[in-house]
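Residue numbers (the working numbering), protein chains in the order written: chain G, 1 to 347; chain Z, 1 to 347; chain X, 1 to 347.
If you're looking for bench data, these hints aren't it; they were derived computationally from the structure. Computed from a prediction, not measured in an experiment: that's the story for all the values here. It is possible that some hints are incorrect.
Copies of one chain are not kept apart here, so a pair can be met inside one copy or by any two copies together.
[To be verified] Pairs of lysine-lysine, PhoX-like flavour, derived with a Cα cap of 25 Å:
(1) 298 / 48
(2) 333 / 347
(3) 102 / 116
(4) 10 / 298
(5) 345 / 333
(6) 51 / 227
(7) 48 / 16
(8) 16 / 195
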Amino acid sequence: MNQISITAGKIAELVKGQLIGDPERVVTGVASLKDAAPEQVSFVSNKKYQKQLLESRAGVVLVCRDLADEPADDRTLIVCENADYAFSQVIMIFADKSPVWKEGVHPSAVVDESAKLGAGVSIGANAVIEAGAEIGDGTVIGAGCYIGHDVKIGCGSLLYPNVTVMYRCRIGSKVVIHPGVVIGGDGFGFVPGPKGLVKVPQTGIVQIDDDVEIGANTTIDRARFGKTWIKSNVKVDNLVMIAHNVVIGESSILVAQCGIAGSAELGRGVILAAKSGVNGHITLGDGVQVAGTSGVVKSLPAGAIALGTPAESQREFMARYTLPSRFEKLTAKVEALKKELEELKNK
Amino acid sequence: MNQISITAGKIAELVKGQLIGDPERVVTGVASLKDAAPEQVSFVSNKKYQKQLLESRAGVVLVCRDLADEPADDRTLIVCENADYAFSQVIMIFADKSPVWKEGVHPSAVVDESAKLGAGVSIGANAVIEAGAEIGDGTVIGAGCYIGHDVKIGCGSLLYPNVTVMYRCRIGSKVVIHPGVVIGGDGFGFVPGPKGLVKVPQTGIVQIDDDVEIGANTTIDRARFGKTWIKSNVKVDNLVMIAHNVVIGESSILVAQCGIAGSAELGRGVILAAKSGVNGHITLGDGVQVAGTSGVVKSLPAGAIALGTPAESQREFMARYTLPSRFEKLTAKVEALKKELEELKNK
Amino acid sequence: MNQISITAGKIAELVKGQLIGDPERVVTGVASLKDAAPEQVSFVSNKKYQKQLLESRAGVVLVCRDLADEPADDRTLIVCENADYAFSQVIMIFADKSPVWKEGVHPSAVVDESAKLGAGVSIGANAVIEAGAEIGDGTVIGAGCYIGHDVKIGCGSLLYPNVTVMYRCRIGSKVVIHPGVVIGGDGFGFVPGPKGLVKVPQTGIVQIDDDVEIGANTTIDRARFGKTWIKSNVKVDNLVMIAHNVVIGESSILVAQCGIAGSAELGRGVILAAKSGVNGHITLGDGVQVAGTSGVVKSLPAGAIALGTPAESQREFMARYTLPSRFEKLTAKVEALKKELEELKNK
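Chain G with its partners taken away, still in its complex shape:
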């Protein structure tokens, strides 16, 4: 652990925040509101956590504007436009450094002589680079990675250890890929034949554009033909499944354990929450948001919000979700009618 101290005043300066309290207050680390000690700095980015703020022992707290006039007690507050983002800057003050990936090819790595390595690349221990592969300047290939035949990777990308990229796939620049990811396994296609299931050839590739990040143990299958395509700035979490010929639009976010079936196309800025699924051969327009665990079975227009399985609009979902209580009320109404009717008959 580093031993770093900094004053509240210096922090306020760094994050361009407005300080309320003692600018000389010294902190030596970060923590959540709940866990923070008096010598630590924390943050709160939403007024709903006001109670936690009051209970916190944190000496310095980055707060959102809504909480600017809270009594500071013995605390120092720093009011920020975006307390969450500002806190990321503060975290970096105290953060241990990430490992440095040594330039050059580790002697235990197996690099085919026909592979082309750019300037300043780092090839980790026991990595395997097959014939015809090209690795751009400054890219890091972690220990134990497998880079298949004729794979092309751009510049400044970072493949953590034990990533597998199969033959002919294309990866852009400034792409980050976490351990255990598999890119370019065969798409899943079989048709019934006279002697059992027959494999449909999967002859395409996976193309991943610049600035994409892919979480641990996610799998992206190669296309039947053409390409499975992850466009620039897409962020993919862990254990996500992206099937053959899928297209993911720019800046979309795919949260953990979601899955997208073959040939589905997602627009720009789509968000699939955790464990959601998208059927094959459908289209999700720009900015579509799918709730966690939902299963989308038909195409959705830009901006749609979908919940449940099969996924519905918020209005439809709420109509379904509130059925039990509405049913109780209707039952009571029917009982009342029945009673009234009885009374009427008895007259």
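Given chain G, put chains Z and X in place with the hints provided.
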């Protein structure tokens, strides 16, 4: 990329289709209807995509019989019994070749001297083969694979890079295993003991029969005793979980991210759609089909179709699914009754 | 396979059970009730499997007390307090031995000279140990594992092949980690910025306490700051996703394919069944049980049982689940009322 040209006539001959249009029309590649250029061949296997056919720029299109009498415009059609299957043959004309896996043991591989390697095997860079393992003729063990003690693998199988097969498991012939698959991790069994959870020993194996294919990062656990058994011709997609002592019948299809709990038994030709789950210790008869995301909690007879969680029949599922609209109608009916009753009382 | 024979009497002695039948009866292996041959021993731990017991061909059967007075036919019964647990002991009599992991560093492993290895450690072929890592006495690092910079692992832990542990993470003693697990990938955090999504730095670690077991291909992300924390004796199945800053209380059980979003905190002895999910920033009290596939969206008190998505109490879940049949009854009641009303009007 290969540069290959072929005439529509030659393609019709290859796929045994009936040509409508210009047999001398030349194409140089394949694409989807949507993306195809005039010099490319595409396909449509279902009449519901008729509109896309009309809008497509593809020069040659393989079509199903339903679409045989469509005006060909300036296009050439090839009518096929099974346009999808025929298109796979056409894809292969243009496909880049898959990598050739070099015969022999890569010098960086670590093969125990007691392991037995068949004729023509390929052991990739940095693969590890433990004592007592046996690899059949012509089988490929990809770079970075781990083949545990006393594992037996048949002939002509293909293990892509970074596959892990733990001790004593058995894999048949012509089996394809994609990267990151783990075969033979311990089954998940713990019982409460006086000092916490106690591990139930997992002493069995995994047996995978011939012609099975297993998708990237799928896991198949070893049995508590006896074997977890994947029978011949089963096709498993990515990120699937198969627990200890499960039995999967011949030619079953397990789509991405589905999971099967311990000791469940699936018959022949069962289809589990994406993200579905099957409880432990239950039986699914031959040909059972489970819809995506459904959770099956009790045994199902042969041929059953199950949807939802807990999974129900189609009839039950529809009764549940249509509840909101039926509820609205019943509410209206009750309101009408109430009004009639009021009127009657007022008389 | 070993060739081992043992008498029923010896087994009864081993499991401290009460023998009914022939103590000299010899068995040579274990099997399930369904598969067992007369020379095999099986078990039944629940009276609901009484029929299978009667139909079984097993020569010796460990039974629970409820089944003690069943006619033994030509079988020998051994009555046990806990037949399931007792059977685990019997399995071990016949089990093939697990592989022995050779002490020492395999010559193909790449161990940084600054790494500290305890007494009796085993470092497998092609494993990579980075600078500053510390491996405790008797710990096994399997072939192909990657142990990152400054990682600390305790004593007597077993990392199976192809596990990835990223920099600075902490793993306790007697921890078992199955193949393909990724510990310490970055947490998933991005915020919208002027030029697209901006990565939120993930500077913390993962800490795994003693006696934890983690199933194949599971992923546990490093914290944004501080630690993602798996407390002692937690058991995690395959393909589970544990996000950044999650805390899992002692002896909790996370079944296959479940997922826990960022900063959620689980108490002691929580059970998440297969494919369930827990939202971020919520708290599950001690002993909470979540049913398979359920999605928990709000905090739950100790002892709560939650089902469905969004997860509800058993009472709420049943109210929802039984709606279709209750709806039919209410519809019939409304029809009857309508008819009565008609009759009344016609008078």
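Checklist entry - So which of the earlier hints does this model not fit? => result 4
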